[in-house]
Amino acid sequence: MAAAATCGSVAASTGSAVATASKNNVTSFQRRGRRASGTNDSGPRLVSITGTRPSVRNGQLLVSTGLPALDQLLGGGLAVGTVLLIEEDKYNIYSPLLFKYFLAEGIVNGHTLLVASAKEDPANILQELPAPLLDDKCKKEFDEDVYNHKTPESNIKMKIAWRYQLLPKMEQIGPVSSSRFGHYYDASKRMPQELIEASNWHGFFLPEKISSTLKVEPCSLTPGYTKLLQFIQNIIYEEGFDGSNPQKKQRNILRIGIQNLGSPLWGDDICCAENGGNSHSLTKFLYVLRGLLRTSLSACIITMPTHLIQNKAIIARVTTLSDIVVGLESFIGSERETNPLYKDYHGLIHIRQIPRLNNLICDESDVKDLAFKLKRKLFTIERLHLPPDLSDTVSRSSKMDLAESAKRLGPGCGMMAGGKKHLDF
Amino acid sequence: MTPSEGARAGTGRELEMLDSLLALGGLVLLRDSVEWEGRSLLKALVKKSALCGEQVHILGCEVSEEEFREGFDSDINNRLVYHDFFRDPLNWSKTEEAFPGGPLGALRAMCKRTDPVPVTIALDSPSWLLLRLPCTTLCQALHAVSHQDSCPGDSSSVGKVTVLGLLHEELHGPGPVGALSSLAQTEVTLGGTMGQALAHILCRRPRQRPTDQTQWFSILPDFSLDLQEGPSVESQPYSDPHIPPVDPTTHLTFNLHLSKKEREARDSLILPFQFSSEKQQALLRPRPGQATSHIFYEPDAYDDLDQEDPDDDLDI
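Protein sequence lines, in the order shown, are assigned to chains A and B.
Quick note: the first sequence, position 149, residue 149 per UniProt numbering, numbers continuous.
Quick note: the second sequence, position 132, residue 132 per UniProt numbering, numbers continuous.
Looking at chain A on its own, in the form it has when it is part of the complex:
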C-alpha cells in the first residue's frame, strides 16, 4: 500500500531526471523540480498521515502502540493493516492498560477510534484513558520517577569498563524529538474531557446491539461476531478508510480496539467447553477481520483471555491468524511473586510472534527475557537480568530454585542455569 506508492514516485522521478540529462548534457544529477511532477499540486508527493511513519527496514507504514518501549520491541511500531493480539494476564489487570494506551495514542494523534466490548460500555472505557504527558512537564516527571528508582551504587561511574556507559539503555526514557511518533502517558491521571470529545470515535457495546433470543445456526459465526464485523465494515466504508470515498482529501487511520474477545460474554463458548458447537467461530472472525484490515487504513488491538481457552489447538490457530502476539504473565498469585529474581517486577512479557510483512525476515529484537513493571505513572518494560551464579558455600536448595525459575526464561541467557543439575565451571 504505502510501500507501492513510494516505489511508484521514485520510478517517475528517475525517468524525468534521465530525460533532462540527455537534453543538457552537463550532469545526470538534476534537482527534481516542480515541472518534473507533471501535475499541478504543490504539496509533497506522499501524503503523510499524522501519527504514522514508514519503517526503516522496508517502508511499511507504522503506527505507534502507545508505549514507545513496546514499539521498539516490535520493530518500530504496529504496521497499518495488522492485528496486535494481547494475551491477557490471569486477573486482567495489565492488559486493559495496554488497550487504553493504544486508544489514547489514537486520540492524541487525531485518529478515528472504534471500541468494541461486551463487558464495559465503550464510553466508560474512553473516560478512563491515561493523560498524555506534554513536553514541558515531561522532563520533570521523568526525572523524579527515575530518581526514586536509582540505587546508591549506580552513582559510581564506571572506571575500567567506561566504554559501556555509552551503550543505550533498554528503554529510551524521556521525550523523543518533537516530530511525535510515540507519546508518553501518565497512568495516574485521566485524559482531559475536551480531548475525548474532540475525537471521532465509534463504540460497539454488545448487550445493546443484540437481543438475547437470537437463534444460532451451527457452523456459523456467533451473532455477536457477525454484528461486530458488519459494524466495522460499515464504518470503514462510510468513512472512507478503504479508499472508497474519493471526496475525502484528508486520510486518517482507524484504530480498532476489541476487548476480551473469546470470553463467554461475546457468546463464544471456547472458554467453557473443549469441543463446543461453535469452536470455529473465533478463528473465522479473525480471518474475516484480517481481510477487512488489509484493505483499509486501520490497525487493530485485541485482548483475549487465552488462559481460559480450554482447547490448546485453538490458541495455536488464533496465534497464526494474528500478526503480532504479545503475552502478559503477571506474578500475582503465583509462586514467582516471592522469588527474589522477580522482586522488582510485576510480570513477564512474552513477544510470541512478529509478522513478516513484505519481507523474508522479521524484525525480532535479540532480547527475549522481558519483564514489565507498573510504576505509579509509567508502564515500563525492561530486560530481565539474571543474578550472578552464587558460590559453593550457599546451600544447594536455593540454587535449585533459581535453576528452576531460570529454566523458564528464554535460551538467550545463561545456559548454565538450565536443567536440574547445577554444573559449575
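Mixed in with the good hints there might be a few duds.
[Unchecked claim] Calculated pairs, DSSO-like style, for lysine-lysine (alpha carbon to alpha carbon, straight line, at most 27 Å):
#	chain 1	residue 1	chain 2	residue 2
1	B	Lys160	B	Lys112
2	A	Lys284	A	Lys312
3	B	Lys112	A	Lys119
4	B	Lys160	A	Lys209
5	A	Lys119	B	Lys160
6	A	Lys90	A	Lys189
7	A	Lys119	A	Lys209
8	B	Lys160	A	Lys227
9	A	Lys90	A	Lys373
10	A	Lys284	A	Lys377
11	A	Lys227	A	Lys284
12	A	Lys209	B	Lys112
13	A	Lys189	A	Lys368
14	A	Lys209	A	Lys189
15	A	Lys284	A	Lys90
Calculated directly from the structure, the hints in this document are not laboratory data.
Predicted model, so just to flag it, every value in this text is computed and none were measured.
Please arrange chain B on chain A, whose structure you already have, making use of the hints.
Same frame as chain A, but now just chain B:
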C-alpha cells in the same frame, strides 16, 4: 486478616468477614465441594443481607423452599422473596406466579428494575443452571444483572446489586468454573482440614490487584458465623541442626573490606589504559635519546653469536 488469639472478640470480626464479602457487590461466587458444603455459608450471607435491610430475592432451584427456609427465624423469613423453581422447573402447572422463562427469565427481569434500594439475589444454584443452559447465556445474564450500577454517569438511580451464587466445583470441568470465576468480583473457595472449615477469599476490585485472604470459620445453628484460629500446626519446619550456617567471608586470603584510606588510595589510582592528561604529557615529551636505555647481555656458553642468517645457504 490472620486468625489471631483475640478471636473471641466475636461479633466484631464476624461482621468483618461477611461485610467484606458483601461490600464489593457484583457477583459473589461460593465454590464448594462434597466434603465442604457451602449452602450454610450462603444462608449466613442471606441472613446478613436481610438484617441490613436490603431486598433479598432467592431463586431456589436445587432444594425445596421449606428446606431453604429452615433455620431462619420468622423475622428473616418474612423479608425473603422466594422464587421457587424446584417444585415445578418446567412450569407444567402453568401458574401465574411463576416467572416465564424460568430462572433465567427471572434474572433478566431483575436487570430491568429501577429502585434505588440495594438488592441481593441469592442464586441456588448456578450449577443447576449450568447443567441446563449454555454457559455463555448464563455468563451474559449474570454479567448483565451484576453490572447494572457500574455506570459512572448515572447518579445512583439503581441501588447496588449483589448476586450470591453457590457453585459445586466437582460437577463441572475447568472451563465453566474458570469462566464464572473470571466474572466474579469475590470468590470464596471452601476447604479445610480435620473438621475445620476454611475459606479462601479472593477479591477482585476493578483495576487493582486482587487480594487474597484465608479464614477459618464455622457456622452456628442460627446461621451466624464464628471465626476461629486454624488447627494447631504440629510439624515444625524441617531444619537440620547438625550443619551450622557457614559464613563464607571468614578465613579469606584476600581483603573484602576497605578502610577509608585504602578506598581513597584506590580511587586516586590511575589505571593503565585510561588516557589521562599525565599520560598524554608523557607521550608528548621529547625522548631524551638512546643514552637512557641500555641493554646488558651476557652470552651463554651455548649461544651462537654468528650473525649470518642460517637460511642463506638454501638454494631458492
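Verification of the supplied hints:
no. : hint                  : in the structure
1   : B/Lys160 <-> B/Lys112 : holds, 13 Å
2   : A/Lys284 <-> A/Lys312 : holds, 17 Å
3   : B/Lys112 <-> A/Lys119 : holds, 18 Å
4   : B/Lys160 <-> A/Lys209 : holds, 25 Å
5   : A/Lys119 <-> B/Lys160 : holds, 18 Å
6   : A/Lys90 <-> A/Lys189  : holds, 25 Å
7   : A/Lys119 <-> A/Lys209 : holds, 13 Å
8   : B/Lys160 <-> A/Lys227 : violated, 31 Å
9   : A/Lys90 <-> A/Lys373  : holds, 16 Å
10  : A/Lys284 <-> A/Lys377 : violated, 38 Å
11  : A/Lys227 <-> A/Lys284 : holds, 14 Å
12  : A/Lys209 <-> B/Lys112 : holds, 17 Å
13  : A/Lys189 <-> A/Lys368 : violated, 31 Å
14  : A/Lys209 <-> A/Lys189 : violated, 31 Å
15  : A/Lys284 <-> A/Lys90  : holds, 25 Å
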